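Asker: As they're listed, the protein sequences go chains V and L.
Each residue of the first sequence is one higher than the one before, counting from 0 in numbering that gives the first Met the number 0.
Each residue of the second sequence is one higher than the one before, counting from 0 in numbering that gives the first Met the number 0.
Rather than coming from a laboratory, the hints here were simulated on the basis of the structure.
Note that the structure is a prediction, hence the values are computed from the model and not measured.
Treat each hint with caution, since some may be false.
[Unchecked claim] Simulated coverage check for chain V against chain L, where a stretch passes if three residues somewhere in it have a Cβ under 8 Å from a Cβ of chain L:
id, region
1, 129-136
2, 300-312
3, 346-358
4, 408-416
5, 450-458
For glycine and all other residues, C-beta sits at the position ideal for the given N, C-alpha and C.
There are 2 protein chains.
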Amino acid sequence: MDISGNGRRWDLRNANREQRMQRAAAVLGDACRGKVVEAGRIQDLLHSVLESGDRVCLEGNNQKQADFLAKALTKLDPGRVNGLHMLLSVLALPEHLDIFENGIASRLDFSFSGPQAVRLARLVAAGKLNIGAIHTYLELFGRYFVDLTPRVALVAAQAADRHGNLYTGPNTEDTPAIVEATAFSGGIVIAQVNQIVDVLPRVDIPADWVGFVVQAPTPHYIEPLFTRDPAQISDIQILMAMMAIKGIYAEYQVQRLNHGIGFDTAAIELILPTYAASLGLKGKICQHWALNPHPALIPAIEAGFVESIHSFGSELGMEDYIRARSDVFFVGPDGSMRSNRAFSQMAGHYACDMFIGSTLQIDLQGNSSTATAGRIAGFGGAPNMGADARGRRHASPGWLKAGRQARDGKNLIPRGQKLVVQIVETFREHMQPAFVERLDAWELAEQADMAIPPVMIYGEDVSHILTEEGLANLLLCRTDEEREQAVRGVAGYTPIGLGRDKRMVENLRDRGIIQRPEDLGIDKRLATRDLLAAKNMKDLVRASGGLYDPPKRFRNW
Amino acid sequence: MDISGNGRRWDLRNANREQRMQRAAAVLGDACRGKVVEAGRIQDLLHSVLESGDRVCLEGNNQKQADFLAKALTKLDPGRVNGLHMLLSVLALPEHLDIFENGIASRLDFSFSGPQAVRLARLVAAGKLNIGAIHTYLELFGRYFVDLTPRVALVAAQAADRHGNLYTGPNTEDTPAIVEATAFSGGIVIAQVNQIVDVLPRVDIPADWVGFVVQAPTPHYIEPLFTRDPAQISDIQILMAMMAIKGIYAEYQVQRLNHGIGFDTAAIELILPTYAASLGLKGKICQHWALNPHPALIPAIEAGFVESIHSFGSELGMEDYIRARSDVFFVGPDGSMRSNRAFSQMAGHYACDMFIGSTLQIDLQGNSSTATAGRIAGFGGAPNMGADARGRRHASPGWLKAGRQARDGKNLIPRGQKLVVQIVETFREHMQPAFVERLDAWELAEQADMAIPPVMIYGEDVSHILTEEGLANLLLCRTDEEREQAVRGVAGYTPIGLGRDKRMVENLRDRGIIQRPEDLGIDKRLATRDLLAAKNMKDLVRASGGLYDPPKRFRNW
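Starting from the given sequences, assemble the full structure and let the hints guide the process.
Answerer: Shown next, in the form of structure tokens:
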């Protein structure tokens with residue numbers, strides 16, 4: 000016990016941890032051997048280790064889910080444990096919200112809630128859930144070390160040994176950041192594992208950092224989030240991909256980049272070995288990636304386009320391919336990948352020259368959002384990638400050029416800038432226009448009582464907007480009006496596009512601020528699926544030499 | 000061996016690693032037991048493991064130095080190993096440059112070079128050293144995972160066990176990021192340790208990630224970089240500290256922050272328990288920090304001002320105090336601190352509302368730089384802290400207020416903004432004005448053939464400039480001219496300050512853009528050393544209850 004001169008104790012966190020550990024030991028008895036707890040006693044473990052009001056980090060990642068622990072949380076007695084403050088990267092499973100519905104938790108800080116966005120909005124409206132804030136991944140991890148430090152972390156790993164060392168394998172994702180913040184602040188880490196083994200393939204998390212290990216009855220869930228079937232890529236997406244490569248990748252010599260998720264970016268990946276190669280760009284663009292192991296990138300890797308890929312997480316079915324391509328991926332001595340969302344986000348933010356991704360809505364200032372009324376979707380990693388790293392100081396040709404374009408003629412000291420590209424078709428599904436006067440985010444902000452509208456990527460941070468109609472370079476715009484007309488000028492037949500000032504748009508085109516496919520020297524007739532290096536899942540498997548093993552739902556042959 | 004259909008091998012990195020390991024085994028024989036190599040054979044180990052042209056990360060941190068390995072590098076035979084591409088966070092030791100002088104290495108990517116800045120510039124001019132780029136810490140770490148992945152990493156740890164597990168203890172700093180990037184890309188990690196023990200206090204780096212361990216003849220060097228003797232704080236610095244607290248900390252309710260290094264910020268830390276407490280600010284400001292364990296913060300911690308501190312590295316002499324204040328610091332189960340520069344920089348960038356720090360020169364746009372002619376000093380972490388995190392989405396009162404002030408009346412969607420404060424006396428030592436027409440950085444850029452001038456913090460990113468004359472709020476400036484006059488208006492009797500437009504400055508004062516001490520309700524007569532909660536090193540020791548044990552050079556009583 001430490002008591003300072005003023006009589007205050009300064010080791011309350013550790014003392015409290017000790018109490019929790021003792022409660023667990025008393026309740027579990029022989030059901031806990033060393034750090035290994037029997038799965039059937041998980042409720043007892045949680046009841047003894049948790050206290051009402053605790054900040055609890057539950058590993059709900061972009062892909063990997065601590066689903067057994069999530070389900071166990073939902074079944075706690077709210078009379079004994081309630082008012083938990085949940086920290087989750089991603090609200091992916093129904094259980095993540097059942098915890099609130101069942102009265103176990105009341106407050107939530109998170110990053111992304113894709114599949115649960117509608118139900119989340121309902122729970123907020125019903126007063127069952129109070130949102131602290133919506134984050135991007137890196138800022139949520141950052142807060143784990145500042146003002147949102149977890150008391151208890153519930154994580155998922157591939158395997159543990161009997162000492163409690165963890166093997167997270169290819170799907171490491173958020174685990175290191177979560178565990179470090181918890182273990183070194185007097186918190187308790189509980190890991191569900193798929194198996195307990197004598198010798199781990201490698202140690203990812205040292206046993207010293209782990210409180211308890213439970214072998215779950217079924218392996219933890221993983222979502223193959225980054226798999227796109229090339230069969231669904233349209234000619235229009237190929238046209239946009241051609242414009243991206245010629246108008247941006249080649250123009251700015253983009254060597255280090257991140258791709259957002261979706262068919263638009265999959266199309267780009269799939270025409271690297273065909274279209275980009277035909278332009279002589281092999282070795283000149285796209286050599287270094289911060290990216291999940293996208294199956295659509297296999298043909299480009301095989302063609303020697305890609306030097307390195309560091310990944311946020313892994314992708315189901317890519318394990319053997321990654322193992323056999325250890326020159327490209329970050330692979331451990333055991334042959335399986337090491338991913339790390341915190342470090343890959345850091346790399347994507349600071350070491351990449353370009354981010355390109357899709358969105359649902361763009362307004363006249365270029366602000367974009369995936370939030371729509373009644374859905375609290377969150378941001379994930381896109382805003383971190385899709386923003387200039389103002390703390391970056393090293394130069395590259397593309398970064399310098401973007402900076403020059405943005406600052407030319409202004410009274411500013413020279414500086415580089417990140418390329419942030421929004422790629423959208425002017426109409427999305429159900430003929431909803433992608434361009435709008437006013438983002439739905441405004442309405443959502445009112446509904447959910449947010450301080451400011453949940454913008455995914457701010458117009459100020461966007462360098463280019465790319466649609467099937469053309470490419471708008473916002474870096475070159477000098478007034479609000481120019482920027483508005485640049486947006487309208489690529490917004491096609493949407494009301495926003497139809498509302499353009501034709502003379503001004505033609506003037507922007509003369510100045511190279513708007514470029515049509517023909518301005519880029521692109522023959523639209525070539526924009527067909529013939530350019531795809533793989534036209535379907537089977538082609539991807541073939542390109543991988545049979546190493547890629549797609550999940551069942553993608554096996555359509 | 001993996002050969003794909005196209006006949007290319009994809010495991011060259013691992014195969015090459017294997018060759019290096021075999022060379023080492025053949026040369027070392029019994030001098031290598033498991034992973035432990037005899038210190039006397041370090042040259043043999045490096046000669047067999049390194050190849051000319053390798054990218055080599057040498058752990059030169061802000062504080063901890065792999066000095067034994069650095070010295071060993073300088074003694075290699077340049078006929079056998081040359082053209083190394085060195086990656087270092089900090090060029091701190093003469094050996095770091097001897098490696099170049101001796102013809103072992105030729106290229107350098109780094110972050111900070113404080114003590115070696117002059118010699119670095121000379122080596123560049125002599126063509127003995129080619130600089131890739133100057134980075135901030137986080138972007139250099141990011142590049143380790145993208146296009147600057149090390150083949151060999153030479154790191155320092157407190158202890159190892161016989162398996163090769165590492166204990167980095169309080170001085171973890173950069174080690175986790177360096178080791179992860181190297182170990183998972185077929186690279187080789189060599190660690191110098193102070194001792195080899197049977198059982199480590201805790202495992203910080205798993206043995207699976209480590210290639211070789213060498214017990215160095217002397218403990219690795221650590222610089223107590225963040226210790227400031229309160230005896231050297233002046234009344235003027237106390238006046239500025241009062242303005243900071245009343246004009247910024249209280250005004251924006253700053254709860255999460257980072258302090259740059261120096262006496263200016265030490266003064267702020269030392270009047271928290273006196274002046275800030277007298278304003279009723281305890282519990283309302285400064286509760287959460289991303290900060291090295293500054294001894295000057297001891298009185299504020301003891302007074303209950305501080306809830307949590309996450310640290311980039313540790314500080315010599317603070318070990319026992321930290322151990323006894325585990326509620327405040329991030330401490331492992333062994334009682335010693337866990338620092339982590341990558342995670343703390345992440346936290347500082349994304350989870351802090353304010354950065355305040357000093358600089359050497361500020362120009363009329365508010366751009367600041369520590370670069371002066373003939374010195375290539377680098378940036379360290381300041382630009383990362385001293386910039387808006389554009390990927391941040393969670394709100395706080397101060398962040399929202401700064402964003403409102405910056406955007407009010409502009410055609411922009413609401414957004415928050417980070418507070419970035421530059422605190423300087425108008426004249427620095429030798430009566431050099433801190434305010435200049437043109438930064439020396441321009442001259443240095445020409446000398447060293449840099450693409451753009453090495454600006455530390457860009458004027459666009461600065462929210463406030465604070466001098467003994469007053470506080471300028473740049474967020475509220477609406478034109479280049481207003482900004483220039485706001486800078487001049489706090490530049491005192493420097494030529495820049497004397498060149499002010501007096502009417503315009505008075506107008507800015509009327510609008511609250513410039514605030515004098517009296518405008519802030521600060522009685523200058525109270526700005527004396529009497530406000531310091533500790534007036535000298537002995538007071539700091541006393542405040543710590545005898546737990547703080549300053550390094551010898553600071554023991555002046």
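Asker: State for each hint whether it applies.
Answerer: Hint check:
1. Residues of the region 129-136 of chain V with a Cβ under 8 Å from some Cβ of chain L number 5, which satisfies the need for three, so the listed coverage holds.
2. Look at the region 300-312 of chain V against chain L: 5 of its residues bring a Cβ nearer than 8 Å to a Cβ of that chain, three or more, so the hint holds.
3. Coverage of a stretch by a chain is defined here by at least three residues with a beta carbon nearer than 8 Å to that chain's beta carbons; for the region 346-358 of chain V and chain L the count is 6, and the condition holds.
4. Coverage of the region 408-416 of chain V by chain L holds in this model, with 6 residues showing a Cβ closer than 8 Å to a Cβ of that chain against a need of three.
5. Check result for the region 450-458 of chain V against chain L: holds, 7 residues qualifying (beta carbon to beta carbon below 8 Å, three or more required).
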